[in-house]
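Novice: Please take these sequences and the hints and turn them into a complete structure.
According to this note's numbering, the stretch in the sequence shown is residues -11 to 908, in order.
Derived from the structure by calculation, the hints contain no laboratory data.
Check before you lean on any hint, since a few could be wrong.
Said to hold, decoys possible - Within a straight-line C-alpha distance of at most 30 Å, the following computed BS3-like cross-link-like pairs (lysine-lysine) qualify: (1) 704 x 146; (2) 715 x 264; (3) 219 x 276; (4) 146 x 715; (5) 468 x 392; (6) 33 x 426; (7) 146 x 793; (8) 273 x 333; (9) 646 x 146; (10) 622 x 394; (11) 805 x 715; (12) 44 x 273; (13) 291 x 426; (14) 291 x 57; (15) 264 x 793; (16) 333 x 291; (17) 698 x 646; (18) 622 x 468; (19) 468 x 146; (20) 676 x 646; (21) 115 x 567; (22) 272 x 57; (23) 646 x 674; (24) 793 x 715; (25) 258 x 291; (26) 567 x 698; (27) 273 x 115; (28) 115 x 146; (29) 219 x 258; (30) 146 x 426; (31) 32 x 426; (32) 115 x 264; (33) 115 x 258; (34) 866 x 276; (35) 567 x 674.
As the list claims (entries may be wrong) - So the derived label-pair ranges between C-beta atoms look like this: (36) 714 x 905: 50 to 56 Å; (37) 433 x 363: 19 to 25 Å; (38) 528 x 905: 51 to 57 Å; (39) 256 x 653: 54 to 60 Å; (40) 262 x 97: 48 to 54 Å.
Given the structure is predicted, the values throughout are model-derived calculations rather than measurements.
Even for Gly, the Cβ is constructed at its ideal location relative to N, Cα and C.
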Amino acid sequence: MEFKLNPVYASIVLASTLTMPFSAYAEEGDSFEQQQQEILTQTKKTPELWVTCATKMRFPEAELLSYEKAQRMEACLNNDGTPVEVIEVTGRYFGPEVLETQGRIFLSQDFIENAPVGNGDITELLKGLPGIQSNEADNSIASLTDIRSREVSISGGKAYQNGFFIDGMNTNSRIDPASSGLSADETNSVMGHTNEFFLNKDLVESITVYDSNIPVEYGEFMGGVVESQSKDAWDLPSVSFGYRATQSDWVSFHDIYGEGDDPSESVFEKPVYDKKQYKLQLAKKLGKGRGIGLNVNHTESTKSIESLGELVDTSSTNSNVMLKYDSEQDWFDHLSVSALYAPYKGNYILDDTLNSDYSIEGGGYALNATGLRNLGWADWKITANARYSENSRTAPIDHVIWGKYKGKDWGPNDSTVSKEGGNGDLDNGQVTYSLNNKFDFDTSFWELDHQFTMGLQLESQQVTRDRNQDSVRYSNAAVKSNVDCTGNFVACVEQESLSEEELSAILGEPFDDTNPEHIRLREENVVTTGQFLQKRLIYQEEHIDVTVRKGALYVQDVFEVGDWNFNLGLRYDTEDFFKNHNVSPRFSGGYDLFGDNQTLITFGASRYYDANLTTYAIREQQLPYITQTREVTKDGQLTEWTDANSQDLTRYRYDGVKTPYSDELTLGWKQEMLGGFLSLRGVWRKSKDELGKGDSVREGGYTYIYQVNKGESEQKRISLSWNGQYKDHSFWANTSWSQTETTQDSYDGDIDDTPQDQIVAHETTIINAEGKEETVYTAVSLDDLDRIAANYARPWVVNMGWTAKWTDDLQTTLTAKYTQGYTSVAATSNVHYFDDITVENESGELIPLEATIYREFELDDAILLNASVRYRLPDFHKHRLSLSVDISNLLDSRTYSVLPGNSGVEVGRSFWLGINYQYD
-11 MEFKLNPVYA SIVLASTLTM PFSAYAEEGD SFEQQQQEIL TQTKKTPELW VTCATKMRFP
49 EAELLSYEKA QRMEACLNND GTPVEVIEVT GRYFGPEVLE TQGRIFLSQD FIENAPVGNG
109 DITELLKGLP GIQSNEADNS IASLTDIRSR EVSISGGKAY QNGFFIDGMN TNSRIDPASS
169 GLSADETNSV MGHTNEFFLN KDLVESITVY DSNIPVEYGE FMGGVVESQS KDAWDLPSVS
229 FGYRATQSDW VSFHDIYGEG DDPSESVFEK PVYDKKQYKL QLAKKLGKGR GIGLNVNHTE
289 STKSIESLGE LVDTSSTNSN VMLKYDSEQD WFDHLSVSAL YAPYKGNYIL DDTLNSDYSI
349 EGGGYALNAT GLRNLGWADW KITANARYSE NSRTAPIDHV IWGKYKGKDW GPNDSTVSKE
409 GGNGDLDNGQ VTYSLNNKFD FDTSFWELDH QFTMGLQLES QQVTRDRNQD SVRYSNAAVK
469 SNVDCTGNFV ACVEQESLSE EELSAILGEP FDDTNPEHIR LREENVVTTG QFLQKRLIYQ
529 EEHIDVTVRK GALYVQDVFE VGDWNFNLGL RYDTEDFFKN HNVSPRFSGG YDLFGDNQTL
589 ITFGASRYYD ANLTTYAIRE QQLPYITQTR EVTKDGQLTE WTDANSQDLT RYRYDGVKTP
649 YSDELTLGWK QEMLGGFLSL RGVWRKSKDE LGKGDSVREG GYTYIYQVNK GESEQKRISL
709 SWNGQYKDHS FWANTSWSQT ETTQDSYDGD IDDTPQDQIV AHETTIINAE GKEETVYTAV
769 SLDDLDRIAA NYARPWVVNM GWTAKWTDDL QTTLTAKYTQ GYTSVAATSN VHYFDDITVE
829 NESGELIPLE ATIYREFELD DAILLNASVR YRLPDFHKHR LSLSVDISNL LDSRTYSVLP
889 GNSGVEVGRS FWLGINYQYD
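Specialist: And the structure:
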């Protein structure tokens, strides 16, 4: 894979540029007198008030303050000598969700450490938040062995429409992130994901989630924003290492039987697996105000599956290695430089396919630097980073579907074919360079105090797609006893019988090839049946290299007028693919109802623009596969491969397309009550200009499908949440109701030019002309089905939690999730045959299209409880040992991942056990 800029070189240059001057500037930084004068001038306060604040906050009176302490000093001065309250959050406490207009939820380190988790990825912690929906597949059998990050929907957006950040660095993958549920047997794509890196919670200090009234500094999303802050070097212990594990023996499985299934005859296969997780943390303080830390997390999963009558081990690994340098003593008030290495690799096989071992490689590495500096007139924050990620496959280049005859008869008992090989190598890479500058400053005019934020964001993102040689799928096997393969046995095998010596031994006399009885004996003792493949699909060698350059400017003004506060923001985005100029107004406000800072009515109106442009740019340049056929002559000679006359080569175009966007209106109530905080929030979003299939034009041997802005959808949500604390007990609860509707005009409406493997049968019931119910099957694309499914009202969801700190060494957390029964559209185990749509089968015959039936299902109410226990053994000097238990589905309840009427296996209660050592 060849890139325009070498990411390693770019990372070195970036690191050098940002770090080399710091040691030189360290001795030339501001003195205490300069810092004090700047802050006092900015706040218009006196040195006497400075001493008052320093005394109350226990700061040294005449020592240079760190960036965080300077911020707290400034807040104290502006509050006339009263320190601004800092809430110490303990236990599983959702907070602080403060009296502000933004829809923000803050997850503290205490929450992150004590939450019941499985793999422990960052997004797993979000599933209990209001307005966030997790994937229903998270409770399925397949999720047990998957170590990739979970995917969530925020405020009705698709999982890949959220913005994910760590330390100000965006980590969204643009390598076809909508394909996370793709089949492993797909030749032309590799299963994607919303995130470039699968980051574990052990890396982060805190997580901030925005679901509405989202700040203007964030762009390129239509869902929500998740911003994680990694642990600073001085927050890490000197030495810490830990181990967690789970396995299939620690899981309870439930056999679910559908209509007509006999429990005495049904035997369901259970997964055999184990998962292990290792953690290492090292830190070294480099004098006063400087430190370096290493944070490592490694997860591995092994699963045994049955294929072709044998148990085969598959495995996957995910690693996070972060090396971070933090300083409050250099030219920047706070400088943070981190190097991240986060590779993912999975080794798999195609089910019941010989010689099909393949591997998926994902993740990558990044270098990120953030500097904070008080310039006197403004607080300046600069973030610069370079990162590389991939989503690639290594596999055998040929996939052959043999007829199940002698010599090629390894296929399953219920199959007429034997499969061999894989889908070929496919390398996808993403390289991103970004630079963000943000300035915060205060000013006054029109007799009002204003807090301004201004920012400039620049990004260059390169995505490559490389198939270094053709990958070929062979099918339509035909038997021919005298076929001559001419030495090429990839998709051809010559007939082979017992040797003349072996036949002579059976006959008791020399074999005579003119004796009819001898010839018949040879035909009855065929070792390998002669056959050849008549059809092949060639996925062409291709090398695609796309770079999209983006720029954004934003400005925000926060000010108060009496008991009213307003947040006025405006964001401008542009890029060189769609070449659109997008302006996003962001307005929010609040009214302090009683003027006591305890009751706030919030409101807002905002616009958010989508991203994912590089995916479209890649798709536009992809080459279609070529269909070829061949025949055999009477004397067994194979003809040359020739292009099929009926083939239609399909490509995509994005000419004149607008960027999809979502408009948002919010209305809320925030109230301090019952020793905690109550929030009621209503969010309405209208998404427009969503992309869909437009007209098709045939020219130059290709069918060009134009993508157009035809889609609209609407999402309504009401959320009510409360969190509070009593002594050493923390409580939280929230409930959300949401509904999504997609307009009929958004549907493609027909399946012309839709790949056959993307067509499904949508089952509905109608009242016919005779007044009777009639079941109807409509052929729709999977893309349309997603839109149809979105129209079903989402259920009421209630989340509750309780964390108890029983002693200094023992903490427990209990969470509960109630999901009201609802209607869903999902796949069944049945198929429907469309007589008016014909396809070629593996033998080359034209047969009706076989499509999986999707129908409505009424799901029952469900209650799931999870729990965690954290226990620390008595310390020995500076040595500390702690134990952890995480329990999913504590009551061993049904998850309803097996739909009504179907049969299968559901996951019940499961355990993770862990141990951790720390020296500090």
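Novice: What are the numbers of the hints the structure violates, in ascending order?
Specialist: Of the numbered hints given earlier, those the structure breaks are 2, 4, 7, 8, 13, 14, 19, 21, 27, 29, 36, 39 and 40, listed in rising order.
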